[in-house]
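Visitor: These are the residues of each chain, in order.
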Amino acid sequence: MDAIILQILNGLDKGSAYALIALGLTLIFGTLGVVNFAHGALFMIGAFCAVTLSRILTLSHTVIDETQKDFLGNPLKVEVPYIYDIFGQTTGDVIIDWAVPLSILFAIPVMVGIGFAMERGLIKHFYKRPHADQILVTFGLAIVLQEIIKYFYGANPIPTPAPDAFRGSFDFGAMLGFDPNTIIYPYWRLVYFAFAAVIIGAVFAFLQFTTFGMVVRAGMADRETVGLLGINIDKRFTIMFGIAAAVAGLAGVMYTPINSPNYHMGMDFLVLSFVVVVVGGMGSLSGAVLAGFLLGILESFASMAIVLETLPGINQIIIYLVAIIILLTRPRGLMGRKGVMEE
Amino acid sequence: MSNSKLTRRGLIKTGAVAGAAGLTLPTYLRADAHAGYLNAPQGDTVTLGFNVPQSGPYADEGADELRAYELAVEHLNGGGDGGMMNTFTSKALQGNGILGKKVEYVTGDTQTKSDAARASAKSMIEKDGAVMITGGSSSGVAVAVQALCQEAGVIFMAGLTHSNDTTGKDKRANGFRHFFNSYMSGAALAPVLKNAYGSDRKAYHLTADYNWGYTTEEAVKSSTEAMGWETVAAVKTPLTQTDFSSYIAPVLQSGADTLVLNHYGGNMVNSLTNAVQFGLRDKQVNGKDFQIIVPLYSRLMAKGAGANVKGIFGSTNWHWSLTDEGSKAFVQSFGTKYGFPPSQAAHTCYVQALLYADACERAGTFNPCGVVEALEGFEFDGMGNGKTLYRADDHQCFKDVLVVKGKENPTSEFDLLEIVEVTPVEQVTYAPDHPQFAGGSLGTCNPGA
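Line order of the protein sequences matches chains W and H.
Every letter in the first sequence is one number past the one before it in my numbering, and letter 150, counting from 1, is 154.
Every letter in the second sequence is one number past the one before it in my numbering, and letter 193, counting from 1, is 218.
Treat the hints loosely; a few may be bogus.
Unchecked claim - Distance condition first, Cα-Cα at most 30 Å in a straight line; then the derived DSS-like pairs of lysine-lysine:
no.: 1; chain 1: H; residue 1: Lys116; chain 2: H; residue 2: Lys126
no.: 2; chain 1: W; residue 1: Lys154; chain 2: H; residue 2: Lys362
no.: 3; chain 1: H; residue 1: Lys138; chain 2: H; residue 2: Lys116
no.: 4; chain 1: H; residue 1: Lys127; chain 2: W; residue 2: Lys154
no.: 5; chain 1: H; residue 1: Lys227; chain 2: W; residue 2: Lys81
no.: 6; chain 1: H; residue 1: Lys147; chain 2: H; residue 2: Lys194
no.: 7; chain 1: W; residue 1: Lys73; chain 2: H; residue 2: Lys362
no.: 8; chain 1: W; residue 1: Lys128; chain 2: W; residue 2: Lys154
no.: 9; chain 1: H; residue 1: Lys147; chain 2: W; residue 2: Lys73
no.: 10; chain 1: H; residue 1: Lys246; chain 2: W; residue 2: Lys73
no.: 11; chain 1: H; residue 1: Lys362; chain 2: H; residue 2: Lys127
no.: 12; chain 1: H; residue 1: Lys227; chain 2: H; residue 2: Lys430
no.: 13; chain 1: W; residue 1: Lys81; chain 2: H; residue 2: Lys335
no.: 14; chain 1: H; residue 1: Lys152; chain 2: H; residue 2: Lys138
no.: 15; chain 1: H; residue 1: Lys147; chain 2: W; residue 2: Lys154
no.: 16; chain 1: W; residue 1: Lys239; chain 2: W; residue 2: Lys128
no.: 17; chain 1: H; residue 1: Lys430; chain 2: W; residue 2: Lys154
no.: 18; chain 1: H; residue 1: Lys412; chain 2: H; residue 2: Lys246
Hint data in this document are derived by calculation from the structure and do not stem from the laboratory.
Keep in mind it's a predicted model, so treat the numbers as computed, not measured.
Assemble the whole structure, with the sequences as input and the hints as a guide.
Guide: Structure below.
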């Protein structure tokens, strides 16, 4: 029982990342009809927003410490962050420690801006082109973006830890009456799950309870009619692209303490997120979220030692196996609209 | 130190190969011979091929390898301060290139993919006329390129490759490895672990699901079980895995009190980060503090894991903080040129380039069979690892192995590991027919023409 609870918990945070990326993908597909293979790169750029802010906060001047030597035997150059000079060391350390949560504020305008630039500068030229063209151009864009990041930040992962207050893990087992240490769960992953829930809720609320959201939903259902009513639906869809980019970026920002970011982390998530979208149903926002969590949990169960002993290698194929079964039996996905992908 | 000389056996062997190729004499015996083997240098230059990852996840490690090769070329051609050429016990290198020919180089991008690495090596051999291929940051690539060089008839001086198989079941006569291997890591780590954590431990292995992972798991398991540890589980993890939470979470439930991460590169960074996130190191199991072990450390990769490496044991081929004359000379030379200390990958590549050049000088030829003969059984010192032997049986270097630990209070971004013990070579030496290296044979050298 404890093992099952543990894997469900693991699946939830993994599913959170899948759901957030898939949500953005679905928003773009549902509004603009574009299959955006650069969406994983937006997740990666979000993560590097956290790295960038962290570097800005630790920008330093050097002080020579005559008492210590560097690797060449010269007096050691000690880096002192400028933030110490402004706020003092104690406050400076707290600000640096909270770099990742602070990056949310930094990432939102950056990601919305990148989203706008992507949509206006490149993707809008491919609206009327076949999906294959869209996939090719966005995949190419993803490669360009990751190579740019690699050029500036290198190929190695860059550690971006969570604030001290969220390091360590919570013993769920002890709370639920199991033996200590049987169900432990890192605090930051709980934060990530809660954050994902808030973002997903906010996107749904925005679409459901605002006039802007209503127009977007109407545009998703019938773009032409909404346009005939004199509404500039293209402008709203561009804004939705920016929002989708911001959602992916924020998912990336908050993911950095879970795994040190590197330039190809977006590609790692991209394919899985597309499977999530297909399983959930192309264009279905709730389907994307549901499938994200379901596949995350399924993947966790498939990684259990007992499962691997029975079905070696199942952990590597489980998601694709589910996708094949769904595509064969219900091509529109779990919550897809009737007719979509079924012609 | 003893410089190996050409023997009758080698002469007959090469003569037979050359004869089979339609030649009448083993021409490598003459230093001025420029025929009888592939890519014999023409004119006054010789071209070496540096095949390193310039793109992909190991690009930073590849960049460091390339820096080391450029430094080696500079030193071989008489530039710079000479680096380890000043401390190398063989004095055949004079700083006038190799055999009087100025050293030039071409580079290839392995992308850390076997097929791409073979393609780039093939291109350097066929189009650029490279007489030797060296580099790499993966055992899969090393094995693939080594086989290609054997077929083509050029020497392969492996870069960073740690799998037993490179000089085990996949060894080749034209291939040589200076880097240590999985068996040596296990043999060096076991006594240190016993001293630090006792002989009653339950270990849980997470192993990257590919060749290097298997040999490392096998080596560490056999070494730790021999000293009384029990292996409670060994779980394979996909190479493409990024989030290891579902593999880490069941560790405590298994009753294990030690986690061995047979991972390298990004896998290591992520699995270690996840293990620390799950608070494993704060737990007590079986009345003992929970411990994590990383059998193969790389400073470049340790940087990615940040503070998570603190206090964690592992092994490494070389570290810039060593104080022997060779290491100091290399660090000085590299640090002055590039502004930061070299990695172990840079070290092994630099040494390999010098060892190849030295072998050519001693053999008096670039002919691969002459080079093989000169390197087999060659003993040397002054290259940063103490007395070292290039064993003739498998073309593996035997030297001291470093056991390191993540440093608690680093003074800089390079100061991440501290040396805990220099394990003497005798402790990590094994018989050529050891079961972990079973299968395969060197075969005979191939001069290619």
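Visitor: Tell me, which hint numbers fail for this structure?
Guide: Of the numbered hints, 3, 4, 5, 9 and 10 do not hold.
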